[in-house]
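Chains as they are written, first to last, in the numbering used here: chain L, 1 to 192; chain D, 1001 to 1447; chain A, 2001 to 2315.
Just so you know, these hints were derived from the structure itself, not from any lab. Don't take every hint at face value.
[Stated by the list, open to error] Derived coverage of chain A by chain D (criterion: at least 3 residues anywhere in the stretch with Cβ under 8 Å from a Cβ of chain D; other residues may be distant): (1) 2115-2129; (2) 2137-2144; (3) 2167-2179.
[What the hints assert, rightly or not] A partial selection of chain D residues facing chain A, derived with a Cβ cut-off under 10 Å: (4) Asp1002; (5) Met1057; (6) Asp1143; (7) Thr1239; (8) Gly1376; (9) Ala1387; (10) Pro1391.
[Said to hold, decoys possible] Using 20 Å as the maximum straight-line C-alpha spacing, the simulated SDA-like pairs for lysine to any residue come out as follows: (11) D:Lys1200 with L:Gly180; (12) D:Lys1200 with D:Ile1211; (13) A:Lys2205 with D:Ile1118; (14) A:Lys2268 with D:Lys1200; (15) D:Lys1200 with L:Leu173; (16) A:Lys2205 with D:Val1431; (17) A:Lys2268 with A:Gln2135; (18) D:Lys1415 with D:Ile1211; (19) A:Lys2268 with D:Glu1385; (20) A:Lys2268 with D:Met1382; (21) A:Lys2268 with A:Pro2174; (22) D:Lys1307 with D:Asn1237; (23) A:Lys2268 with D:Leu1381.
Keep in mind the model is a prediction, meaning the values are calculated, not measured. Note that beta-carbon positions come from the ideal geometry of N, C-alpha and C, so glycine has one too.
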Amino acid sequence: MRIDKRRLGGWTARITAAAVMSLVLAGPVGASHVTVRVGVPGTLEVGTVAYIPVALASADGSPLPRTPVTFYLDATFAGVSGEVEVGTAVTDEAGVATLAYRPRVTGHHDIRLEYLLPNQSEPEVATISVDVTGGAQLQVADPGLSIPGLNVGLLMAILTLVWSILFGVAVVLIRIARAGGSPRDAASRPSG
Amino acid sequence: MDALTAEQERLVETAIAPVRRTSRRFWLVVAVLLAIIAWGGYAYFTQLRDGLVVTGMRDRISWGLYIATFVFFIGISHAGTLISAILRVSNARWRTPVTRMAEFVTVVALVCGASFVIIDLGRPDRLLNVVIYGRWQSPIIWDVLAITTYLTASITYLFVPMIPDLALFRDRLAGTTSRWRSGLYRLLAIGWVGSDGQRKSLTGAIGVLMILIIPIAVSVHTVVSWIFGMTLRVPWNSTLFGAFFVAGAIFSGIAILILVMAVLRRAYGLGRYVTDTHFVYLGYLMAAFAAIMLYANISELMTHGYKMEEGVEFHFRQLFLTEFGPYYWFYLLGGQIAPIITMLLPWTRNARGAVVAAVLVTVAMWIERYVIVVSGLRVPLMPYEPAAYAPTWVEWSMLAAGLALFALLITIFTKLFPILAVWEIAEDLEVTEPPAGTVPAPSPAEG
Amino acid sequence: MPEGLRAPDSETRTESSQATVGRRTVLRVIGLGALALGPLPVLSPILNAAAADRSGNQAGGPPAVGPDGRIRQWTMIIDLRLCDGCQSVGAAPRCTAGCIEGHFAPEPMEWIQVFEADLPGGGTQFVPTPCQQCQNPPCVNVCPVGATFSTPEGTVLIDQERCIGCRICMAACPYDRRFFNWGDPPIPEEAGLAEYSAEHQVPAKRGTVMKCDFCPDMARAATLPYCVQSCPHGAIYYGDLEEDLATNGDVVVSASRFLSDNQAYHLKDDLGTRPRVYYIAGHGEAVGRDAYASGRLPTEWPWQPDGDGAIPWTR
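Work out the full structure, taking the sequences as your base and the hints as a guide.
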């Protein structure tokens, strides 16, 4: 997923600032004492991409750049449960990785993020909680093609025209038939 | 005036003769044709009993002889369009003796063609679904609409110019023929007395019909071609199909007309009116359309062959070399080169030459329809071995029965209805009336 | 008679006889005819709509919905890296076998068929090919009676009660995925209890068309299609583009990511049919197949009863 870096810069600055005052979610699990700050932009909407920045900083507050972060969601489909990868990102110079997340189901979800530090063998885990609203159908099955104007009406117009001409000929025949009984025309009855 | 009146009398007698006398040969022909149709009926019975599995069609080649024959018959039905309509519009005087036969052929061919589609259905018992649930977007519905419209228009176009001749029959045969027959003529002549008013109405109606029927006929074979052209099969995915099929239809229509003319001329002694000149003129038209078909084929083959898109190489191989090679070459040489050469060479430029060329063309056009259908479906869509198709005895029997039905209906028509367009020919004779005292000179005639 | 056919002379021209039909009358007639046939454009869509009650008569019920009540948009993603034509299993392809068993598909129908395609450098890949469930389906476009139709979930079903067996859909399908009941198809004993619906094509009817239907009856039961369940390597993923999830029975993936991360493609994409079946390129390497190990075992139809009077046919 492509992320607009410039827009992100603005976002990042704002969110990181807000994040200082926001909750620090799921502190360090391992011995690394890395802090994870996440900026959740309010309520998310189904089908709309939301950019969720995640700032990684070491215990002394310096940012952790170039750290890959993977985001997972637990999901169940057709009776099979598992964790679904919903995004990956790498922290930039400011230690911020941004997840481009397009939620599909409403409700409360926990997105788990994992990052692997260079000196660790096991990834560390943090959790982002999001609330999603919305519910318009994103993908509508719209089979076939529709060309404006080229429809049943045009076909019926052509058919109506042709059949009314045939109908007109039928009326002419009836007139011929009716005229045959007139005595005035007996004089011009042909010979033989 | 005497020579003219005598001439007209002879014309009327010739036209009425088939209705007055019926030879034993006629009954023999009818018996043979009925036997073939009965055999076809038995074949269809086995198909109804066991399903389409009795044919050679299978999932990969799911259309075969039936659809090819359907297209063939609808194509033949354009005989009437060409002769009656196009030649009438262009006021070609020589057409008058053959218009009636052409119109017969049209109506009968449409009936036969439509029956072959129904024979091809997997569930003919659900035929009414086409009416109840018909989808306007479907090429098959376009076929249904176009063919019913064309059939109605052709029957009208057969009937309306026949009214004065039916009146002639009514008057001439009154009292000398069976009750139902005179009743039939009286009914169909709809009180025609030849008054000026009636004549004006009739000419007006014919004028409207002859112009109307040309676009109807063009649309019919165009939509028939579109049951192939609207699919994504490599050999069928061509924008040229509509025009190509219409040209092919008129082409095969001319050929069938020549054959029907030749047979009826010999059977009913029409040599005075259906002359060698008519065969030669129709032969010229056939040669002209052969040239058009040749051009269309070259155009299609060159543009596909130059690029050789996916599937085209396979198709060319099966068309020219392996599966269908002999048949396709016969179609190109016998069906397109031969008619042109026949009309170019002076010693074949006669009735016999035209008839031979017409036979070649008719067979070649059926083969062409067959090759289009089967070769189109044979090009593999996915990585599998190309399938094979061979019609079974059921399909061949139905083909024979269809042709027999065609012949039988025309034969019956000739016994009931005026085989020549008497009033049009008479009109023509009047216009070309020679100075009084000399016998009007028709072309050298047979029989 | 012929003398009457000369051009009308001056006396008759002044007559306005009843037999003459003037131009005005003809125009009036044409107008009346047009009026008489005028209601048809309005009438026929009404009739059609009444006849084509999709959610009621033809499909098996209301459209399948996800957790939010939005209509499912079924898709299938076939990971060819995991498909080896069941060579390692030593059997005919299991997806086909599972489908045949589950649907009682008559011989020789393989609704999902494993084709063996040539690779550019030599060697082959196996391509399981179900009905592609196109979004611009050529078969639906050409059907004269609407017997094959698109569902709100994006799949294409066939109503064998309406099909007239004209087979134009079979000519139109570019993937060779439609099959015809040429003779009387064999009927399984279970079919006696089953009521035919377009979502569960049992019992098959003679003279009609059948094909893969993405197992809508399984989807309603919230389980996976027969082919997905039968694949021993989990090569076939079944998913919903609306909820953006797919599973092969073992793992769950985000459908959109799975497709984009692996450069998924369509079969015959240039034809514009817009299929719902995606493929991820491979030749079974993830399950240890070498591209040059060609050949697979032929499909069988073990469920078919013997000697029940059915007339069989070949492909």
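Classify the hint on Asp1002 (chain D) as holds or violated, based on whether any CB of chain A lies nearer than 10 Å to its CB. violated (14 Å)
Quickly compare the C-alpha distance for Lys1200 (chain D) and Leu173 (chain L) to 20 Å and report which way the hint goes. Holds, because 12 Å separates the two Cα atoms, which is no more than 20 Å.
Pair hint Lys2205 (chain A) and Ile1118 (chain D), alpha-carbon separation not exceeding 20 Å: holds (18 Å)
Hint check: Lys2268 (chain A) vs Gln2135 (chain A), CA-CA at most 20 Å. Holds or violated? Roughly 14 Å between the alpha carbons, so the hint for Lys2268 (chain A) and Gln2135 (chain A) holds.
Restraint status (C-alpha distance of Lys2268 (chain A) to Pro2174 (chain A) at most 20 Å): Holds, at about 8 Å.
Can you tell me if the stretch 2137-2144 of chain A counts as covered by chain D, using C-beta to C-beta distances under 8 Å and a minimum of three residues? This one holds; 5 residues, not fewer than the three required, reach chain D with a Cβ under 8 Å.
Just to be careful, I want the Cα atoms of Lys2268 (chain A) and Met1382 (chain D) compared with a cutoff of 20 Å; is the pair within it? Roughly 10 Å between the alpha carbons, so the hint for Lys2268 (chain A) and Met1382 (chain D) holds.
Should the hint that Thr1239 (chain D) touches chain A count as held when the rule is a Cβ pair under 10 Å? violated (16 Å)
How about the stretch 2167-2179 of chain A: do at least three of its residues have a C-beta closer than 8 Å to a C-beta of chain D? With 11 residues closer than 8 Å to chain D, the stretch 2167-2179 of chain A meets the three-residue bar; holds.
Proposed proximity, Gly180 (chain L) with Lys1200 (chain D) (alpha carbon, max 20 Å): This hinted pair holds, its Cα atoms lying about 13 Å apart.
Does Ala1387 (chain D) pass the interface check with chain A, least Cβ-Cβ distance below 10 Å? holds (8 Å)
Can you confirm whether the C-alpha distance between Lys2205 (chain A) and Val1431 (chain D) stays at or below 20 Å? violated (65 Å)
Checked against the numbered hints listed earlier, the structure breaks hints 4, 7, 10, 14, 16 and 18; every other hint is satisfied.
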